[in-house]
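**Q** Based on the sequences and whatever the hints tell you, model everything.
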Amino acid sequence: MSFFNTLADATEDSSKLGAQAIDVAQRTHNGLLDAAGVGKALPNPVKHLTDGVFDTSENVVLDTGDKTAGMLRTVGKNLGNGQGNSDNLPEHENNENMNNMYTGSGGDDGEDNGDDGEEGGDDDEEGGPPAGAPPQHHGPVPDQHDSRDHPYKFDPHHSLGQVVDLRRNDLPAYDQGQMKSCTANAVAAAFEFSAMKENLPQFSPSRLFIWYNSRAKSQNREDVKKNVGTSVRIAIQSVFPKASGVCSEEDWSYQVGKYNKKTMYFVPKAKAAQKPPVSAMKHAHQHTAVSYRRFSTNNQDHLCEQLMQCLDKGVPWVFGMNHCDVLHHPSMKTNGWVANKPSAAQLKDNTNRHSLMAVGYIKDKKLFIIRNSWGENWGDNGHFYMPFNLLYLCYDFWSIKAVVPK
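To convert, note that position 140 of the sequence shown is 140 in the UniProt record's numbering; the numbers rise steadily by one, no gaps.
Be a bit skeptical, because a hint or two may be false.
As the list claims (entries may be wrong) - Computed beta-carbon distance windows for the label pairs:
| no. | residue 1 | residue 2 | range |
| --- | --- | --- | --- |
| 1 | VAL290 | SER14 | 19 to 25 Å |
| 2 | GLN300 | LEU171 | 25 to 31 Å |
| 3 | THR297 | THR6 | 27 to 33 Å |
| 4 | LYS197 | ASN340 | 28 to 34 Å |
| 5 | GLY161 | ALA10 | 45 to 51 Å |
| 6 | PHE3 | GLY161 | 53 to 59 Å |
Claimed, not checked - Below, computed lysine-lysine pairings styled on DSSO-like, alpha-carbon distance capped at 27 Å:
| no. | residue 1 | residue 2 |
| --- | --- | --- |
| 7 | LYS365 | LYS341 |
| 8 | LYS313 | LYS197 |
| 9 | LYS313 | LYS153 |
If you're looking for bench data, these hints aren't it; they were derived computationally from the structure.
Quick caveat: nothing in here was measured; it's all calculated off a predicted structure.
The C-beta atom is built at its ideal place from N, Cα and C for all residues, glycine as well.
**A** This is how it looks when you write it as structure tokens:
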């Protein structure tokens, strides 16, 4: 029932406010000690003990809020089964609040690249329900239209350059490994590019942090424990100031975890299924994205112009791609890593989706330069070239702007 979901959301918001209040109290406490000249005189063990008490209090408040909200959602789900109520609708259709945009599980079905090595899934490892539990489909759910989105503002007077290439040697392509975190990888890359464009301090965003907080907003509360994808919208939403922001890779580093291929649950203690620590959450609020733009796909020709203009202004964009299995085709290695149109057989399979980031274009050859997240050894140093006429395979185009809160 929607009442319980609303109550669960309110509970989570209240717990976050409570944790923030404790954080403010901690900073005020330390500030007063420093102002009085006492802070430097205190032994480090005493300081660490005091900070530990504050951190523990924050964890207790957040964990209690999460557990209570989970119980409320479970009650609402059980009461609502079979009643055809509004809980089956995307959240943004039930709530006008911007922070309740559609949060259905996106995904990257078929995006597992490479062999099923040790870092990938393991059917013998049990990371969730019994092995007999029925497998679920975890394919991506493209974003729903939302009238509150900020559209890209096309400048009809802007003259396009012939070639734009935003690739940088100091920003190598990520490698997501055997995890369905491509959307988090793409959004983290866009955030990193934006931070450098805005001349902000060098900062490498935590992909695990974005991925966890994106899955935590899914309608399926178990998604945080699973190797499943997320929508582009919710990944971008997670780095908003009123959401989580994003901590650095140093605070919460990327680590590929083992998971059960049948249930998609990570094995116990897998880092990807763990909630980031309070210390990472604190630092995350220092890095947020407050500006975003979504591109309209109503007119493919105009869409291409908008996307090129955005790149020409030095801003990459993130997007989803259907039938991404074309990226596995051997011919890409022989034709300069230019993607081909999918075959008739591939077009029948609508489960292979993947999130990527565009970093340039070659106008006369009608190609976009696309950054993948399969490592530097794939493609052209982690990139490939997508013909303009393959835009029809793509969806959910977004750009973001990173800032440091004042």
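**Q** Does each hint fit the structure? Answer for all of them.
**A** Here is what the structure says about each hint:
A C-beta distance of roughly 24 Å is found between VAL290 and SER14, which places it inside the suggested range of 19 to 25 Å. Taken as a hint, the range 25 to 31 Å holds for the pair GLN300 and LEU171, whose Cβ atoms sit roughly 30 Å apart. In this structure the supplied range 27 to 33 Å holds for THR297 paired with THR6, their Cβ-Cβ distance being about 32 Å. As the Cβ distance of LYS197 to ASN340 is approximately 32 Å, the hint placing it in 28 to 34 Å holds.
Judged by the Cβ atoms, the range 45 to 51 Å given for GLY161 and ALA10 holds: they are separated by roughly 50 Å. In this structure, PHE3 and GLY161 meet the distance hint of 53 to 59 Å, their C-beta atoms being roughly 54 Å apart. Annotation: proposed proximity of LYS365 to LYS341 holds, straight-line Cα distance about 16 Å (limit 27 Å). Taken as a hint, the LYS313 and LYS197 pair is honoured in the structure, with Cα atoms around 10 Å apart against an allowance of 27 Å.
For the hint linking LYS313 to LYS153, the alpha-carbon distance of about 12 Å falls within 27 Å, and the restraint holds.
In the structure shown, no violation is registered for any of the earlier numbered hints.
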